[in-house]
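Chemist: As a plain string of letters, each chain reads:
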Amino acid sequence: MSDLFQQAANQSEMPFALVEGEPLTVIPQDLYIPPDALLVFLEAFEGPLDLLLYLIKRQNLDILDIPVAVITRQYMEYIHMMQELELELAAEYLVMAAMLAEIKSRMLLPRPVGEDDEDDPRAELIRRLQEYEQFKQATEDLDALPRMERDIFPPQAELPPLEVEIPQPEVSIRDLLLAFRDVVNRAEQFASHHIELEPLSVRERMSLVLQQLKRDGYTEFQAFFKPEEGRMGVVVSFLAILELVKESMIELMQNEPYAPIYVKPKAA
Amino acid sequence: MDSDRLKSLIEALIGAADRPLSVNQLFDLFAGDLEQPGKDDIRKALQELVAETADRGMQIKQVASGFRLQVNPEHAAHVTRLFQQKPPRYSRALLETLALIAYRQPITRGEIEAIRGVSVSSNIIKTLQEREWVRTLGHKDVPGKPSLYGTTAQFLDYFNLKSLNELPTLSEIKDLDRFHPELAFSDDRPPEDPAPADDARAEEALDAPDRREASGQAVDTAGEEPA
Amino acid sequence: MDSDRLKSLIEALIGAADRPLSVNQLFDLFAGDLEQPGKDDIRKALQELVAETADRGMQIKQVASGFRLQVNPEHAAHVTRLFQQKPPRYSRALLETLALIAYRQPITRGEIEAIRGVSVSSNIIKTLQEREWVRTLGHKDVPGKPSLYGTTAQFLDYFNLKSLNELPTLSEIKDLDRFHPELAFSDDRPPEDPAPADDARAEEALDAPDRREASGQAVDTAGEEPA
Numbered sequence: 001m002s003d004l005f006q007q008a009a010n011q012s013e014m015p016f017a018l019v020e021g022e023p024l025t026v027i028p029q030d031l032y033i034p035p036d037a038l039l040v041f042l043e044a045f046e047g048p049l050d051l052l053l054y055l056i057k058r059q060n061l062d063i064l065d066i067p068v069a070v071i072t073r074q075y076m077e078y079i080h081m082m083q084e085l086e087l088e089l090a091a092e093y094l095v096m097a098a099m100l101a102e103i104k105s106r107m108l109l110p111r112p113v114g115e116d117d118e119d120d121p122r123a124e125l126i127r128r129l130q131e132y133e134q135f136k137q138a139t140e141d142l143d144a145l146p147r148m149e150r151d152i153f154p155p156q157a158e159l160p161p162l163e164v165e166i167p168q169p170e171v172s173i174r175d176l177l178l179a180f181r182d183v184v185n186r187a188e189q190f191a192s193h194h195i196e197l198e199p200l201s202v203r204e205r206m207s208l209v210l211q212q213l214k215r216d217g218y219t220e221f222q223a224f225f226k227p228e229e230g231r232m233g234v235v236v237s238f239l240a241i242l243e244l245v246k247e248s249m250i251e252l253m254q255n256e257p258y259a260p261i262y263v264k265p266k267a268a
Numbered sequence: 001m002d003s004d005r006l007k008s009l010i011e012a013l014i015g016a017a018d019r020p021l022s023v024n025q026l027f028d029l030f031a032g033d034l035e036q037p038g039k040d041d042i043r044k045a046l047q048e049l050v051a052e053t054a055d056r057g058m059q060i061k062q063v064a065s066g067f068r069l070q071v072n073p074e075h076a077a078h079v080t081r082l083f084q085q086k087p088p089r090y091s092r093a094l095l096e097t098l099a100l101i102a103y104r105q106p107i108t109r110g111e112i113e114a115i116r117g118v119s120v121s122s123n124i125i126k127t128l129q130e131r132e133w134v135r136t137l138g139h140k141d142v143p144g145k146p147s148l149y150g151t152t153a154q155f156l157d158y159f160n161l162k163s164l165n166e167l168p169t170l171s172e173i174k175d176l177d178r179f180h181p182e183l184a185f186s187d188d189r190p191p192e193d194p195a196p197a198d199d200a201r202a203e204e205a206l207d208a209p210d211r212r213e214a215s216g217q218a219v220d221t222a223g224e225e226p227a
Numbered sequence: 001m002d003s004d005r006l007k008s009l010i011e012a013l014i015g016a017a018d019r020p021l022s023v024n025q026l027f028d029l030f031a032g033d034l035e036q037p038g039k040d041d042i043r044k045a046l047q048e049l050v051a052e053t054a055d056r057g058m059q060i061k062q063v064a065s066g067f068r069l070q071v072n073p074e075h076a077a078h079v080t081r082l083f084q085q086k087p088p089r090y091s092r093a094l095l096e097t098l099a100l101i102a103y104r105q106p107i108t109r110g111e112i113e114a115i116r117g118v119s120v121s122s123n124i125i126k127t128l129q130e131r132e133w134v135r136t137l138g139h140k141d142v143p144g145k146p147s148l149y150g151t152t153a154q155f156l157d158y159f160n161l162k163s164l165n166e167l168p169t170l171s172e173i174k175d176l177d178r179f180h181p182e183l184a185f186s187d188d189r190p191p192e193d194p195a196p197a198d199d200a201r202a203e204e205a206l207d208a209p210d211r212r213e214a215s216g217q218a219v220d221t222a223g224e225e226p227a
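Chains as they are written, first to last, in our numbering: chain Y, 1 to 268; chain V, 1 to 227; chain E, 1 to 227.
Keep in mind that the hints were calculated from the coordinates and are not lab data.
Warning: the hint list may mix true and false statements.
Unchecked claim - Derived DSBU-like pairs: lysine-lysine, alpha-carbon spacing no greater than 30 Å straight-line:
no., chain 1, residue 1, chain 2, residue 2
1, Y, K246, E, K126
2, E, K86, V, K39
3, V, K126, V, K145
4, E, K126, Y, K214
5, Y, K214, E, K162
6, Y, K246, Y, K214
7, Y, K226, Y, K266
8, V, K162, V, K140
9, V, K174, Y, K57
10, E, K162, E, K174
11, E, K174, Y, K266
Since we're looking at a predicted model, the values are computed, not measured.
Let's have the full structure, built from the sequences with the hints guiding it.
Modeler: As structure tokens, then:
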């Protein structure tokens with residue numbers, strides 16, 4: 001009886017090959033398969049689920065009705081083959097082997113009456129196989145879509161002569177101020193470079209004084225003070241000139257006491 | 001501006017651009033014109049161009065990020081004769097990962113691995129991100145805060161799609177309990193044998209020839225059941 | 001092969017090729033086809049394509065070495081706009097240099113380098129001078145007679161300032177940044193800023209009154225300080 005069942009099971013498998021008209025469903029023991037070829041074959045699987053799906057499909061079986069014992073036996077044969085070939089076996093394959101063994105043993109236990117189907121020990125495996133099969137199909141569909149570089153190409157069109165101008169960069173005052181803050185913060189890290197900041201009106205006036213000297217050359221001291229600017233303006237001008245003298249940017253000249261004072265750029 | 005001239009101008013702009021152009025981008029390109037077309041004029045012209053060029057060798061096609069001029073993919077076999085270089089090939093692992101991200105986004109790497117049953121190499125995720133097909137959408141609020149991945153407009157552009165809706169539909173997943181488990185179950189087990197059977201016996205029972213018939217019935221029943 | 005399909009194929013080949021294709025080259029590309037078109041078929045198809053596409057945005061055009069796809073030159077003015085580049089960005093080094101010249105003028109390059117701790121490239125100074133934001137005020141009477149740099153009226157105009165006095169002091173910069181990290185100074189942007197009116201800007205606009213107050217205060221404070 002046992003032989004009979006075995007035979008029937010074998011017949012349900014798809015044959016590997018036809019030899020002299022006879023379907024061959026079991027690899028002959030003495031058949032030599034070059035290890036390289038087997039390697040390619042085994043590496044074609046994306047993982048244990050992929051291998052299981054292959055084993056199921058090969059026998060035209062429905063995922064929903066997996067004969068766990070058969071599949072487990074075949075699965076283990078592949079695992080042994082991989083181990084014998086000393087292939088680096090991903091841990092996931094062994095985890096699946098353990099899962100199959102567990103399902104098989106649970107299938108053998110008697111079940112209390114009235115138990116609902118969620119307790120089918122195969123349920124989780126079936127769910128995973130179906131889900132994987134679904135995405136295996138989705139991958140094939142995705143691969144079949146027309147895609148750039150393989151099916152779709154951009155035009156290689158000749159352009160008419162174009163005159164393109166590059167605009168100037170835009171700067172916001174915020175960027176400018178933050179840059180200033182950062183550079184000062186950085187400089188303050190070094191004790192030797194403590195930066196003293198004069199009021200900006202004085203620095204600005206220093207520039208204006210230099211500008212005026214650059215334009216007019218030798219200039220009378222009085223010319224830098226404008227009464228209409230008020231006391232504040234006069235103070236700012238005075239501070240600016242003192243600072244410029246201190247920094248050796250200008251020179252003050254007076255021929256004799258009480259004579260007019262002149263200002264001239266120092267490096268000129 | 002008459003509609004033929006607008007169509008000609010739009011075709012020139014799309015043909016000269018090195019990226020798909022959206023209606024808004026096209027609209028902006030006409031800014032300052034004396035006869036500036038409205039967005040509706042542009043949309044109408046685009047619709048006509050897409051329809052008119054559908055069978056041409058160079059077609060205007062709408063993809064996710066706008067409209068582009070492309071060589072009609074039907075002619076790919078002839079067109080590839082022009083090129084020496086083979087198109088890049090992508091591994092099945094990469095495509096499976098991409099498919100999972102496309103259909104299941106937002107999805108974590110762990111979730112992808114759970115479905116594929118194998119680990120996903122960092123290289124695959126990196127390649128997908130470098131191609132700008134996949135990006136991180138955020139982080140899942142579970143321990144480790146894993147990245148949540150999703151696809152980009154460039155992914156859709158690459159696969160000639162306007163939106164994710166245009167992806168091929170997923171095959172259906174059949175419900176286990178609709179298949180009347182008792183039937184399939186009972187003959188997976190040695191019938192009327194409550195004693196623990198040894199391995200050999202169990203295998204025999206599983207391979208029993210009448211099992212196929214039994215499950216055939218089960219399927220039939222399931223087919224009627226939802227009614 | 002019917003003539004419409006041949007025309008479509010030829011258009012695809014010409015559109016995909018990165019060089020003009022001659023009749024002979026096209027003929028060779030059909031080699032091995034079941035319905036291989038003759039050279040006369042190809043010539044006729046080309047003639048029709050050239051005629052049909054003459055007014056289109058993308059036209060098939062005969063040039064010395066064969067036939068090519070080209071953007072209709074009549075549309076050059078519009079196509080130019082596609083390549084109108086976004087303004088480039090200035091480097092951090094340039095902004096720091098400009099800020100130091102604004103706050104510490106008249107200042108030499110050596111002094112800028114001493115504060116920044118790194119050398120200042122001649123390009124930066126040149127760019128700032130070409131932009132007419134910075135000019136030479138004179139030369140410092142130290143060995144080497146280095147140039148003294150200061151800002152210009154154009155600099156003030158660009159940043160919408162009446163005088164340097166309107167620039168906030170350093171402590172104000174730090175404070176404003178602390179209290180309004182997002183908003184500080186953003187409405188001091190040059191008014192001619194042609195940035196697109198996107199959502200972010202719309203939000204900024206809503207926040208404008210607050211911001212104006214904040215920077216108004218800053219200016220007032222700055223105005224009082226020299227006293």
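Chemist: Against each hint, give a clear statement of whether it holds in the structure.
Modeler: Going down the list of hints, with the structure as the test:
| no. | hint | verdict |
| --- | --- | --- |
| 1 | Y/K246 / E/K126 | 28 Å, holds |
| 2 | E/K86 / V/K39 | 23 Å, holds |
| 3 | V/K126 / V/K145 | 18 Å, holds |
| 4 | E/K126 / Y/K214 | 20 Å, holds |
| 5 | Y/K214 / E/K162 | 23 Å, holds |
| 6 | Y/K246 / Y/K214 | 18 Å, holds |
| 7 | Y/K226 / Y/K266 | 23 Å, holds |
| 8 | V/K162 / V/K140 | 28 Å, holds |
| 9 | V/K174 / Y/K57 | 16 Å, holds |
| 10 | E/K162 / E/K174 | 22 Å, holds |
| 11 | E/K174 / Y/K266 | 37 Å, violated |
The structure does not agree with numbered hint 11 stated previously, though it agrees with all others.
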